[in-house]
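Residue-level listing of the chains:
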Amino acid sequence: MFIEARITERIRSGRGITTLLFDRPMEAKAGQIVMVWIPGVDEIPMALSHISGVASITVKEVGQATKALSALNVGDLVGLRGPYGNSWDLTPRRILAVGGGVGMSPIMTAVEAVNDRSRVDVAIGARDAGEIIFEERARKASDDVRVSTDDGSYGIKGTVVSLADAMMREKRYDMVLGCGPEIMNKYLLKACNENKVPCQLSLERIMKCGTGLCGSCVIDGLRVCVEGPIFTGEQISRMTEFGKCKRDDAGLKVKI
Amino acid sequence: MTALEVDLAGIKLRNPTLLASGVMGETGDSLLRVAVAGAGGLVTKSIGLEPRKGYPNPTLVELPDGYINAMGLPGPGIEAFAEEMEIATKSGVPVIGSLFAAIPEDFASLAIKMESYGAAAIELNLSCPHAKGYGMEVGIDPDAVHAIVSSVKDAVRVPVMAKLTPNTHRLLDVARAVEAAGGDAIVAINTVKAMAISVEARRPILHNTTGGLSGPAIKPIGLRCVYELHEAVKLPIVGVGGIESSRDVLEYMMAGATAVQVGSAVGRRGLKVFREICDGLAEHMAANGLNRLSEIVGAAHVH
Ligand SMILES: Cc1cc2nc3c(=O)[nH]c(=O)nc-3n(C[C@H](O)[C@H](O)[C@H](O)COP(=O)(O)OP(=O)(O)OC[C@H]3O[C@@H](n4cnc5c(N)ncnc54)[C@H](O)[C@@H]3O)c2cc1C
Ligand SMILES: Cc1cc2nc3c(=O)[nH]c(=O)nc-3n(C[C@H](O)[C@H](O)[C@H](O)COP(=O)(O)O)c2cc1C
Ligand code: FES
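Sequence order for the protein chains is U and B. Take the first sequence: its letter number 188 is residue 187 in numbering that gives the first Met the number 0, and every next letter is one higher. Take the second sequence: its letter number 209 is residue 208 in numbering that gives the first Met the number 0, and every next letter is one higher.
Certain hints may be false.
Claimed, not checked - No more than 27 Å apart at the CA atoms, straight line, and that leaves these computed lysine-lysine pairs for DSSO-like: (1) K11/B to K152/B; (2) K245/U to K52/B; (3) K252/U to K11/B; (4) K252/U to K233/B; (5) K185/U to K59/U; (6) K271/B to K28/U; (7) K59/U to K52/B; (8) K131/B to K243/U; (9) K52/B to K254/U; (10) K152/B to K252/U.
Derived from the structure by calculation, the hints contain no laboratory data.
Please put together the full structure from these sequences, using the hints given.
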């Protein structure tokens, strides 16, 4: 579905990270994505960062489209198409949710959707303190929230994968949820395998149609916009392209 | 020969449903998945000489009864596509290589490569409504189409199919040109030139302003084209446009189609659409005492 929505609130969530709330709700499940049209600029895929009540996205500035999106003001217009893709399976009993940087966006909706503080723990990580987002929101929804930064400027010093690894050694989990840069996902998968905890990871590829037609978002033939964005550890272990290469706008393989 | 099998210009298809060009057709692995889902054959994304990024987003608009797309023919180019064809041809069903170019010589050299990659047939994209200098821009001129089909026919041994656009009053002239040039089949239709406007933004939604409409919205147009083509030429026709169910396929076959292609329904219904269509066709055949699908091809031509 395509809707025209206006921004009702703009929150600075971290350095270069902005949350935009919309005047239109969106029937979606935690982990699903939307195609966000910035009129005159571009249309890009984004995870929903709020799904109950209002809809929102949380944007990290990396290039032209994300900069333009982050610069929009209250009252400005965007087009929203979706929701697309699958959602987190939140049925396992004890869950560890791991978010790297803006990857916390779809992780946060999962943590809130569990709706039981004792069932879900959270590991939040980023390069430095400025990019840690949603810590307060997470503490409202979980009894055990831990934070790490690569440079030690806030929380434990180290990567969020080593934090998650330590939590898996300390406590028993039935499922790990992860979202972050592909390199983080790669090492998180390795840590989950070593600790024998199954996982679901949210992956990214170039998206154009969002509806399963154009094939630009495929990883080994699986479409991020339909079969994904969330894939199980088993699915990912069978992928030959994960962590190694992705397709560019022309469909050519490029190294990650 | 099982009941659903059809012969399309000498190509044996286990069932009449082909994947339409441009849908999950850019990579070998995605093509394989469509074969596993039950398609009788696969048409690749239209491939050109060089890698192309396509247009910037938005490249697609979703409507209640279809899509408007202006992808802008993105693709890896013919050299890199060798790798994808190597995977796709393992599917066990015919893989038809779709090509786009601006001039006959380029179509011919692309076709030679596609044939060498193992394509069971060549489909010439003479009909994309949104790529400057390609597709429809060459495909509405019967003389240009004659020259392209002739040069590709001279270059390869596999069957050559021409995919035509409905965005012209000269559809039948173009089809006759394909026949006169020795083409083996006609594929109709490509998308219908269209656009969408955002009232709030007061501007077109697609980056390219216009695009091509597909899905159920264009089925009546596709049916009319196939019906008229069936009366104008003797070539087998592949019907495309808005096919989502076995009834849609029966309508196209009765209009004159030997086989069909399914595109938008892959997004709207999912990959299961191929099995659903085939199950429905088998049921219809049993209920109506049909032995071969070919018995109904053109059945609606009663006047
Ligand atoms: C399923 C999914 C969910 C995402 N969720 C979020 C989110 O919640 N928050 C967030 O900040 N970012 C998210 N992203 C990433 C975001 O879409 C890109 O950062 C954005 O498209 C970059 O556009 P740009 O013009 O600012 O940067 P560019 O300079 O164009 O590119 C920067 C990087 O983004 C990638 N990129 C560019 N265009 C696209 C596209 N159309 N599709 C996918 N990747 C692209 C490029 O390959 C490059 O690596 C998500 C991506 C995907 C695929
Ligand atoms: C996203 C998309 C991309 C397409 N790309 C191509 C293409 O590269 N070459 C081509 O000949 N047709 C292309 N088409 C047109 C389809 O092959 C088909 O002719 C048209 O969509 C009508 O069929 P449908 O209603 O089943 O989708 C594309 C269609 C869509 C929706
Ligand atoms: S973006 Fe996933 S298939 Fe087009």
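Against the structure, the hints:
1. K11/B to K152/B: Status holds; Cα separation ~20 Å.
2. K245/U to K52/B: holds (14 Å)
3. K252/U to K11/B: At roughly 33 Å apart (the allowed maximum being 27 Å), K11/B and K252/U break the hint.
4. K252/U to K233/B: violated (43 Å)
5. K185/U to K59/U: holds (21 Å)
6. K271/B to K28/U: With a Cα-Cα distance of about 23 Å, the restraint between K271/B and K28/U holds, given a limit of 27 Å.
7. K59/U to K52/B: holds (24 Å)
8. K131/B to K243/U: The hint is violated at about 35 Å.
9. K52/B to K254/U: holds (17 Å)
10. K152/B to K252/U: Roughly 32 Å between the alpha carbons, so the hint for K152/B and K252/U is violated.
In this structure, the earlier hints numbered 3, 4, 8 and 10 are contradicted, and the remaining ones agree with it.
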